[in-house]
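Protein chains: 2
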Amino acid sequence: MNATPPFKRLALIGFGLIGGSIARAARAQGLAGDIVITARSAQTRARVAELGIVDRVVETNAAAVQDADLVILCIPVGACGAVAQEIAPHLKPGVIVSDVGSVKGAIVRDMAPHLPKDVHFVPAHPVAGTEHSGPDSGFPELFINRWCILTPPEGTDPDAVERLRAFWAALGAKVELMTADHHDRVLAITSHLPHLIAYTIVGTADELAQVTSSEVINFSAGGFRDFTRIAASDPTMWRDVFLANKEAVLEMLGTFNEDLSKLTRAIRRGDGEALFEHFTRTRAIRRGIVDIGQDSAAPDFGRPHAQLAQRPD
Amino acid sequence: MNATPPFKRLALIGFGLIGGSIARAARAQGLAGDIVITARSAQTRARVAELGIVDRVVETNAAAVQDADLVILCIPVGACGAVAQEIAPHLKPGVIVSDVGSVKGAIVRDMAPHLPKDVHFVPAHPVAGTEHSGPDSGFPELFINRWCILTPPEGTDPDAVERLRAFWAALGAKVELMTADHHDRVLAITSHLPHLIAYTIVGTADELAQVTSSEVINFSAGGFRDFTRIAASDPTMWRDVFLANKEAVLEMLGTFNEDLSKLTRAIRRGDGEALFEHFTRTRAIRRGIVDIGQDSAAPDFGRPHAQLAQRPD
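Taken in sequence, the protein lines are chains A and B.
Position one of the first sequence corresponds to residue 8 (this note's numbering), numbered consecutively onward.
Position one of the second sequence corresponds to residue 8 (this note's numbering), numbered consecutively onward.
The following block holds chain A by itself, in its conformation from the complex (with noise of 0.2 Å):
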């Protein structure tokens, strides 16, 4: 026989990439007694109908979160403050209200304005993703060894912070407690100017008059297409990234440059020296990140090989 279920109803406002992971990981789980989502489109919600992995599929956000105690937005950033304003007088007493945005200060700004003062405001960003998006991109084992970092306010009801954090440590993440404006900037380094540099390169060899779209996708096992990777997310979660995280995001950005401009001043000079010792000293991060099982240590991601067929004789 299970245990009682630590939640008794989850809702979920959203139904993509993180979304569906949490429902399929949760219901995996045990966590909540019954699911209920939502979406905003009513062909994701047919979708999520037809997968079956969720007790309810309802048409409204006030809806979904009717007698839930745990309301997970699972939405873009700049959707938030609107759900926040337009769920509040349907939330029952109590309720944890969390999201996943990729971005903390700006969440809590839009969203704590609007929930009742007898609600547990609890901000959450699981980091952890592919370049898939959609109700079918979900998988259950997303959250297995990365992080969730959450974010409370001040003054948060620290077993509604500890509840959350049993929740997401058992979708299988370790948990991390920070400032949201510290949040925002690690994030900045680790993830939005990575993505924000993956645009702007595959932008710019699509454009190029020298070389052909066709000979940039031919040759770009050379290094080019584990950007196109990152650059293939889901471009509406990531207009809204950069704009609520308009000041780390620039602020790195002007770090980057400066960086930039070194090595190009030292390949303009010739200087050998500069280079090799840059490029030696990165390759220590690599093996960091490696180690501590943030990433496959199989050369090339761990990325498929064709056998060799043998020469015919």
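Derived from the structure by calculation, the hints contain no laboratory data.
Please note that a few of the clues may not be correct.
One copy or two, either will do: identical chains are not told apart, so a pair holds if it fits within one copy or between any two.
Said to hold, decoys possible - Below, a list of computed lysine to aspartate or glutamate pairs in the DMTMM-like style, where the Cα atoms sit at most 20 Å apart:
id, residue 1, residue 2
1, Lys15, Glu93
2, Lys269, Glu258
3, Lys15, Asp166
4, Lys99, Asp164
The structure displayed is predicted, hence computed values, not measured ones.
Put chain B on the given structure of chain A with help from the hints.
Structure of chain B alone, referenced to chain A:
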């Protein structure tokens, strides 16, 4: 019974990722009667002898090329000129001399003047690799479905070009011919600029005062870890690439900087429409790369995911 191998003796100078993969694949495919290799470091030579995958390990470049009918330099671009000069007096008339360098203009400029008239010089570049290096890093499947670009100078014997084409095809590669100059522009955008950008951003992350190294490493799954893979590539090889392809890299870097300024301006002005339009366009390129089999369609490059442990009751 096996067919006669297309080359009596294959000599490889250098036994890193590429040299080691050629040796393994050529042996698996029976492309040479015997395979002789040498490497600059005694440690590498000892390791190759231990691995037992070639017929003979010799101590000098001169000894390696003795009686070979295919010689391939598998060493950093910057070392090719001096090695060409060194081996020139020991080459058999009619031998095909090739290389695997990521830059082709500089290779032709540095090697061609040293080679005797009765030698066929066919520069080559297999667009394949991983972030690993050293004698143990090679594997026979590395070149399968990857492109190998040949850049024979005008007037090269077509029969020699055809023999080298067939050699690379037997290793599993798709072969294309182009001028050295065009090659260097194509690779500047598909390989050299991506590496430069990756090296830069990993360096930037390492130097930040506000975000600790352990935070960068912990939260790298948000995108940053993808960049650390190519920024872990061999420093000597990459130093030489940037010095040897300076002009094309600086030109592509100029275009990249313009594009980055445009996106930066859109962020600063809060122009969500411009960001969304750009982020939508870049998805198509990823699709193109996956469609022609130059990358895996699996989410996250097919990185493995651990199983979800059951919640204790």
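Hint check:
1. For a Cα distance limit of 20 Å, the shortest separation of Lys15 from Glu93 qualifies neither inside one copy, at 22 Å, nor across copies, at 78 Å.
2. For the identical chains of this complex, Lys269 and Glu258 are neighbours both inside a copy (17 Å) and across copies (16 Å), given an alpha-carbon limit of 20 Å.
3. Within a single copy, Lys15 and Asp166 get their C-alpha atoms as close as 16 Å, which meets the 20 Å cut-off; across copies the closest is 76 Å, which misses it.
4. Within a single copy, Lys99 and Asp164 get their C-alpha atoms as close as 16 Å, which meets the 20 Å cut-off; across copies the closest is 82 Å, which misses it.
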